[in-house]
Structures are given as C-alpha cells and as structure tokens.
Amino acid sequence: MKVEDAGKLGASQLGQLFESLSGSEIARFTRAIESDRVDPKLPLPHETILQILRPRLASLKPERYPTPMRQFCDPIEDLLTSAMPSDKSIRISRSSLMPIWNFVSSAAGPEFQKAMRDIEVAAAARNADKLAAAERTLWKLGARCIEDEVEASHNGVKQERALATRLGSRLHLKALIEMGQILNVGEEIAQVRDRFPSAPIRALDPNDVSWLRDRFVEISEAKPGLEPMFLLAVLARLLRPSELFKLIRVLSNKADDRTIEKTNLAETGDLIIDLLAETVTEIEEGVGTGKDEAHILSLARWYASEFTRITREFKIRKDGRWGEKLLETRRRVSKALANTMFGATPERVIDALPKLEVRQGPGSGAKGLARPIFAQDFDDEKVLAAEKSAEAIAETARISDVLAAQSSAAKAVVELKKKLNQIGRAGVDGMGRLAPEEIPVAQRNLMATVRLLEIVDGPEDADVLRRRGMSALRALQGQKAG
0 MKVEDAGKLG ASQLGQLFES LSGSEIARFT RAIESDRVDP KLPLPHETIL
50 QILRPRLASL KPERYPTPMR QFCDPIEDLL TSAMPSDKSI RISRSSLMPI
100 WNFVSSAAGP EFQKAMRDIE VAAAARNADK LAAAERTLWK LGARCIEDEV
150 EASHNGVKQE RALATRLGSR LHLKALIEMG QILNVGEEIA QVRDRFPSAP
200 IRALDPNDVS WLRDRFVEIS EAKPGLEPMF LLAVLARLLR PSELFKLIRV
250 LSNKADDRTI EKTNLAETGD LIIDLLAETV TEIEEGVGTG KDEAHILSLA
300 RWYASEFTRI TREFKIRKDG RWGEKLLETR RRVSKALANT MFGATPERVI
350 DALPKLEVRQ GPGSGAKGLA RPIFAQDFDD EKVLAAEKSA EAIAETARIS
400 DVLAAQSSAA KAVVELKKKL NQIGRAGVDG MGRLAPEEIP VAQRNLMATV
450 RLLEIVDGPE DADVLRRRGM SALRALQGQK AG
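The sequence shown begins at 0 in numbering that gives the first Met the number 0 and counts up one residue at a time.
Mixed in with the good hints, there may be bad ones.
What the hints assert, rightly or not - Pairs of lysine-lysine, PhoX-like flavour, derived with a Cα cap of 25 Å:
#1 Lys40 <-> Lys129
#2 Lys324 <-> Lys245
#3 Lys381 <-> Lys87
#4 Lys381 <-> Lys354
What the hints assert, rightly or not - Simulated DEER-style distance windows between Cβ atoms:
#5 Glu346 <-> Ala106: 54 to 62 Å
#6 Glu150 <-> Ala221: 18 to 26 Å
#7 Ala221 <-> Gly14: 43 to 51 Å
#8 Ala202 <-> Ala127: 23 to 31 Å
#9 Lys1 <-> Ser219: 49 to 57 Å
Hints listed in this document are in silico derivations from the structure and should not be mistaken for laboratory results.
Quick reminder that beta carbons are idealized off the backbone N, C-alpha and C, glycines included.
Kindly produce the complete structure, drawing on both the sequences and the hints.
This is the structure:
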C-alpha cells in the first residue's frame, strides 16, 4: 500500500491493515508518516495514523524518525513511565513531556529554534553527524532555559505559580527540574546508549565498570555536581539496579555505607534502594488488589535477589544510611507476605479439598456415620489453583530468611501440613464406606491431597499417604468384585 492511500481508509481498516504488515513494513510506513508530518506534502491525518500504530510500535520498537521533540527527550527515554510516579520515584511521567516541550520550545529563544530546524534538516538528509551536533545544542540550550526559569521561580510564590501555569500544572514541576539536570549530561548519556545499545543492560563486566568510572570522573571534573544525574541515567538502563553497586564500590574508597554518607555517591545509593522500594510497593499493591500468588511470588523473588546482591556488593551496615532504608523495605515485605502468602493463601489451598466433618448424605456410608470425605465432588479448577498457591507458599518459604518472614512462613507451612495430613488420614480412613460409583472421585481427591502435601512438605509424608490410600482402594475394589 502507498502511504498516500492511508488517508482514504477508516480507523478500523487501518488497524486491520497494520496487523497484517510485517515488522519491517511497519517501520518503513511509520518513518514515512513521521517524515511527512514534519514537512507535510500529503493530506494525511498523521496523528490519527500514529495513534493507531502505537500498539504495534510499542512491541516492535523500530527506529523512529528523528523529530526535534523526540531528540530533545532522548536522554530521559529510559526514565519514562506511563503511570504517575511517586514523590520518591526516579521516573518521569510521559504525560509531562508535551507540556515541558511546549514550554521550553517557546521560552528558549532563537538559538533553540535554529537547533530544531537543524535537526529537521539533518533527519531529512539522514546525516547522523549533523543530527548528533544539533542534538547536543538542543540539550545544552534546553538545560540552560530550564535552569534559568526554575531559578527565577524561586524568587517567590507568585513566580512559582506563574511557572506552574505556563506548564499547565504543578504536577510537571518536578519532571521539569529533573529533565533540566539530565539534559546537562545528555552528551554523556548518549555515549552510554552507544556503548550499551540494547536495553536493559543485563550485567556490567569489569571493562564496562572501568568505562563508566572514566565517564564519571570526566563529569566530576567538567560538570561537578551532575555526577548523580549521570548515574541515574545508567541506573535506569540496567536490568538489575544492584549492578550499579559494582561501580559505586570502585568509585568509593570508603569501607561502608555509614562512611560514604557525605559523598556524592550517597544519593545514587539512595536511588537504587528507592527503586527496590518500588518493587515493595508493587508487592503491597498486589496484596491489596488480590493479585494471584504467582505474581506476588515473582516480585518477592526479585526483591530477595536484589537485596542479596546489594548486601554482597557493598558492606551495608544496619546503622548506615543505606542499611536503615534496606531494613525498612524488608520490614514492609515481611508484613505484606504475613498478611497474604502466609495468611489468606493457605486457606485457599485447603478450600479446594474435601471438607472434614461432613455428615451422612443420601446413599452413602453406613447408618449413623459421616459420609466418606473423599466421596465429595472434585473441582479441577479449584485444585489447579490450589496447587499454584501451594507452590507459591513453598517457594516463598524457601527465601523467607532474606525476606525476614521466617516466623510467618514456618507457621503457615506447619499449619498447612497439619490440615493436609488430617484431610488425608480422614479420607483414607473413610474409604471402606465408599459406594462403588464413588471410587473414581475418591481416587482423584486422594491424589490431589497427596500432590499438595508433596508441594508443601516434600515427598516423604505424601508418599506414605499415597501408598495407604491406594492400598485401601485396591482392598475395597477386591471386596466389591468378590
């Protein structure tokens, strides 16, 4: 399809078309649309088309056509989030980008406007060198504009309100300040992105750490005070925030986090732990919204891994700056897990199995005796969900020492084992009263109980229960046959 034909199709037709195109075709089509948007030659609804394309672009992540706004925001790309970040978050909301861009592009003056035109010309000519030079100018002038405007806003409440009004909301002030600081090290961040083109960075080897150390030292000499913003950009590109402690350890001649407190690295360590705290918040929110145990477990496993790596890479003291923050995150995780994984979740496991104390039902058992509990209905879906819950409990219990949740984990596992054994024993003891048509469902209930006991406590007790149950069933089948 020709690009000019896109204007003749409706939204649903465009959506169907884009779903049928390959990744390379989507990339070429997007580049053509974005190029024409900068210098319109075709009567196209550019924004509508790009809006429909956005879901495919999010998954494919093709190289995008350079525009002044896109290149201006490039240094903060790894920090962007679609959600509204908390006060302590290192993230910048995407919703702040357009207000900040409109503000800076109108306030930065003619040199900034020229740099914007230079980017458009370089993009059209596909001249990478000129594009890079124009980007650097845009970042430098943008940072200076933001710095001047923010400084002027500190002269009084009236000036601060005026700045918020020009941005459209006070919500964008924090993002504006952070963006101005990051733009000051935009060139160095571009070097990081060139060295580590694939994000996220999975690990830093010794050569990577040495290279980052050299960039840090250069910034310390040329742009003192901006080192934390450089490290922030590196941090946002890492898969595991704890990896940055490799660099902190090399940069610091301090022995531990208590003595490093007054250095320019202290703030970066705070940011790493604040990122870890975001995972803790996710665990707490998962608990509050009733998300499944597998999701909470994955977050808890990630937290435990990062906690261990941080304490291994650097000597964290309980009374040190980072030690206190780390211990607070661990207390929060422990409390959240005690309320869910080791609180409500065991009940969900037991709820999938036959109920104890069920009285005689019609057509089952001897007169005056309780109905055999393994004769109760078997629910495939509930048992499958119970297995997942039990696996989550067992896995979380294995890492409970890191999570400071040993007490609640041990209590939950012991209680769960006790109830599973009670159900298993009662089920096997009642097998002699089963009617012939109840034997198949009884066997399924037996094996479900055995499987859950094995997940929670290992094979020993589970195997004993399995052998006892199968022996009872064989004896019963022999009696019925005789």
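Earlier hints that do not hold, by number
3
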